[in-house]
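2 protein chains.
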Amino acid sequence: MATKDLLLSYLKEKRGAWVSGESLSNEMSVSRTAIWKHVRKLKEEGYLIKSSPKKGYLLSRDSDLLLPNEIRERLSTRVFGKMDIHYFKELDSTNMKAKNLAEGGAREGTVVIAESQTAGRGRRGREWFSSSSGNGIYATLILRPAMSPIGAPRITLMTAVAVAEALLSLVELDVKIKWPNDILIKGRKLAGILTEITTEMDAVNYILVGLGLNVNTPSESFPKEIREKATSIFIETGAQFSRTRLIRTCLEQFEKYYEMFKENEFSSIIHRWKQLSDIVGKNISVGVIGQEHMGEVVDIDDDGVLILKDDQGRIQRIISGDVTLC
Amino acid sequence: MATKDLLLSYLKEKRGAWVSGESLSNEMSVSRTAIWKHVRKLKEEGYLIKSSPKKGYLLSRDSDLLLPNEIRERLSTRVFGKMDIHYFKELDSTNMKAKNLAEGGAREGTVVIAESQTAGRGRRGREWFSSSSGNGIYATLILRPAMSPIGAPRITLMTAVAVAEALLSLVELDVKIKWPNDILIKGRKLAGILTEITTEMDAVNYILVGLGLNVNTPSESFPKEIREKATSIFIETGAQFSRTRLIRTCLEQFEKYYEMFKENEFSSIIHRWKQLSDIVGKNISVGVIGQEHMGEVVDIDDDGVLILKDDQGRIQRIISGDVTLC
Chain U
1 MATKDLLLSY LKEKRGAWVS GESLSNEMSV SRTAIWKHVR KLKEEGYLIK SSPKKGYLLS
61 RDSDLLLPNE IRERLSTRVF GKMDIHYFKE LDSTNMKAKN LAEGGAREGT VVIAESQTAG
121 RGRRGREWFS SSSGNGIYAT LILRPAMSPI GAPRITLMTA VAVAEALLSL VELDVKIKWP
181 NDILIKGRKL AGILTEITTE MDAVNYILVG LGLNVNTPSE SFPKEIREKA TSIFIETGAQ
241 FSRTRLIRTC LEQFEKYYEM FKENEFSSII HRWKQLSDIV GKNISVGVIG QEHMGEVVDI
301 DDDGVLILKD DQGRIQRIIS GDVTLC
Chain H
1001 MATKDLLLSY LKEKRGAWVS GESLSNEMSV SRTAIWKHVR KLKEEGYLIK SSPKKGYLLS
1061 RDSDLLLPNE IRERLSTRVF GKMDIHYFKE LDSTNMKAKN LAEGGAREGT VVIAESQTAG
1121 RGRRGREWFS SSSGNGIYAT LILRPAMSPI GAPRITLMTA VAVAEALLSL VELDVKIKWP
1181 NDILIKGRKL AGILTEITTE MDAVNYILVG LGLNVNTPSE SFPKEIREKA TSIFIETGAQ
1241 FSRTRLIRTC LEQFEKYYEM FKENEFSSII HRWKQLSDIV GKNISVGVIG QEHMGEVVDI
1301 DDDGVLILKD DQGRIQRIIS GDVTLC
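Going down the list, the protein sequences come from chains U and H.
Just so we're aligned: 143 in my numbering is position 143 of the first sequence, and the numbers increase by one with no gaps anywhere.
With the second sequence counted from 1, adding 1000 to any position gets you my numbering.
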């Protein structure tokens, strides 16, 4: 273990209590100056450590950054986040970084995390707003399922269920999925999922699952034009939420649903999707490039296609579009 | 027009005849030294230009390199190769370069060409041998069809038909398509197609169609381990063939079939595919990761899936694998 990590583990063991520099220096067989230097580094990483010339050091709060070691500490997955977490203070976009890593051979389970994004992307090249101050979760997972390309687009629906379940297990909020790839609270966007699939003719090469989630973003941080449409856990509950805990739970739920997905249990996933989406039976309007379709949602099929019945009883299959509830 | 291109057009106009340096200098309003410098550049680009202090210059042969201007000169496409041809003496792989360009927003119709590849790729990360001396065609096209991801894998079949048709229109050889993505002559591989598809959940982002084609490669240039399995137009006909003419015809055929593809005329494409593939009705053995399937090919369906009937009459649908004729 690196000296800094060892020091952190000692401080965590005695969390909330003072540990003298001398005892740390003896335990770890390094100079007191070295201890002091590593404490400074830990502070830079966001750990709240009190220091006193007489009493030594006291860890009063873990870092609020999405540090790989913190995420891994109580992570119960087998693959996702267990091995390769690539952590950045700032990236253009986590999907872009993950694409480079995947092209270079990065394995399934690799996670890319950024505290902020300068060019966060939504569906179809749209912009995705990312807080600059580490209030959100911006992460991309790399998947390499051995499957034909045909079923791959279902990954987006599966991820929406996993993220919604993660949120429901941690906060008491009315989390809903908006077809096809958004997570809403009371009609406002809390999270978005961007799936990018790269295949050859007959086999998936890799899939990137990007997640943007507004956690502790205060209302005034959102640009004016989306302030009415966006929300965060902080806005909804009035309290800060641990991003580390949330991303950990997202990874755990993701892996659980991904296992189901690979074992061809997609019908139970889509069943849960329908429960969480609350769209079936509703009258909606869907904007599909240049056209507006209105009608009642009859069903979502197993490929995630929206089945719409208009007022003359005609059935339409909508593969993609922007939904508004009527 | 750049001075060099203008000079080339004058020389081409008088192809096979001497043009004095003085008349060129007068026509183009540049010094005779400038003329001489640009002639040297054209020679470096592979043009055979004779020079004589008394008679001037004579263009005796166009460049045998795949220069964008030469390809465009008599190219009858509307989109592919008409605008952006990115030409390189050497690349790791044209698909890799095209991927970077596509990520950066390169438009449909963009073509990437390399005289040689240091890391040419085949299906599923397999190596693809590329001659080092510009005897082959290594090219990747960027496509941005507005379509759902579901039909995209058909692009490989469509490309195989287009390349086979291009070859058949130029050389008298028994060109056959081998399922799913090779072009063979008498059982030996002449060309390979590597399609890489990048999609979001509900829409294709871009498709890369990579082509590796052995044109003037002599037998001894192939590595020993593939010498019996590979061939080139030169090996089959004993004559050098113009790569520029061939790539031009490939682009034209590609665009023609791509238009048909976009107009949902896939059934006529698959019909032609079956004629060219000569696999239906044959007894084959297909290696699918870890397993060998044997039987008679009953059909290829519209998704390019091989329908195999074994000796007990059982039907199997093979999405991907390596075919051997029995």
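No lab work stands behind these hints, which were simulated from the structure alone.
Even glycine gets a Cβ: it sits at the ideal position worked out from N, Cα and C.
Be careful, since some hints might not be right.
[Stated by the list, open to error] Chain U regions said to be covered by chain H (calculated; three or more residues, Cβ under 8 Å):
1. 35-48
2. 95-106
3. 161-168
[As the list claims (entries may be wrong)] Calculated pairs, DSS-like style, for lysine-lysine (alpha carbon to alpha carbon, straight line, at most 30 Å):
4. H:K1037 to U:K89
5. U:K97 to U:K41
6. U:K309 to H:K1186
7. U:K97 to H:K1055
8. H:K1178 to H:K1189
9. U:K55 to U:K97
10. H:K1186 to U:K262
11. H:K1186 to H:K1082
12. H:K1050 to H:K1037
13. U:K176 to U:K12
14. H:K1050 to H:K1186
15. H:K1309 to U:K97
16. H:K1055 to H:K1004
17. U:K97 to U:K50
18. U:K37 to U:K50
[Unchecked claim] Partial chain U-side listing against chain H, Cβ under 10 Å, derived:
19. P218
20. Q316
21. S320
22. T324
Evaluated hints:
no., hint, result
1, 35-48, "violated (count 0)"
2, 95-106, "holds (count 3)"
3, 161-168, "violated (count 0)"
4, H:K1037 to U:K89, "violated (52 Å)"
5, U:K97 to U:K41, "holds (26 Å)"
6, U:K309 to H:K1186, "violated (55 Å)"
7, U:K97 to H:K1055, "violated (59 Å)"
8, H:K1178 to H:K1189, "holds (9 Å)"
9, U:K55 to U:K97, "violated (44 Å)"
10, H:K1186 to U:K262, "violated (41 Å)"
11, H:K1186 to H:K1082, "violated (34 Å)"
12, H:K1050 to H:K1037, "holds (14 Å)"
13, U:K176 to U:K12, "violated (37 Å)"
14, H:K1050 to H:K1186, "violated (41 Å)"
15, H:K1309 to U:K97, "violated (45 Å)"
16, H:K1055 to H:K1004, "holds (20 Å)"
17, U:K97 to U:K50, "violated (36 Å)"
18, U:K37 to U:K50, "holds (14 Å)"
19, P218, "violated (30 Å)"
20, Q316, "violated (14 Å)"
21, S320, "holds (3 Å)"
22, T324, "violated (17 Å)"
The structure fails to meet hints 1, 3, 4, 6, 7, 9, 10, 11, 13, 14, 15, 17, 19, 20 and 22 from the earlier list, while all remaining hints are met.
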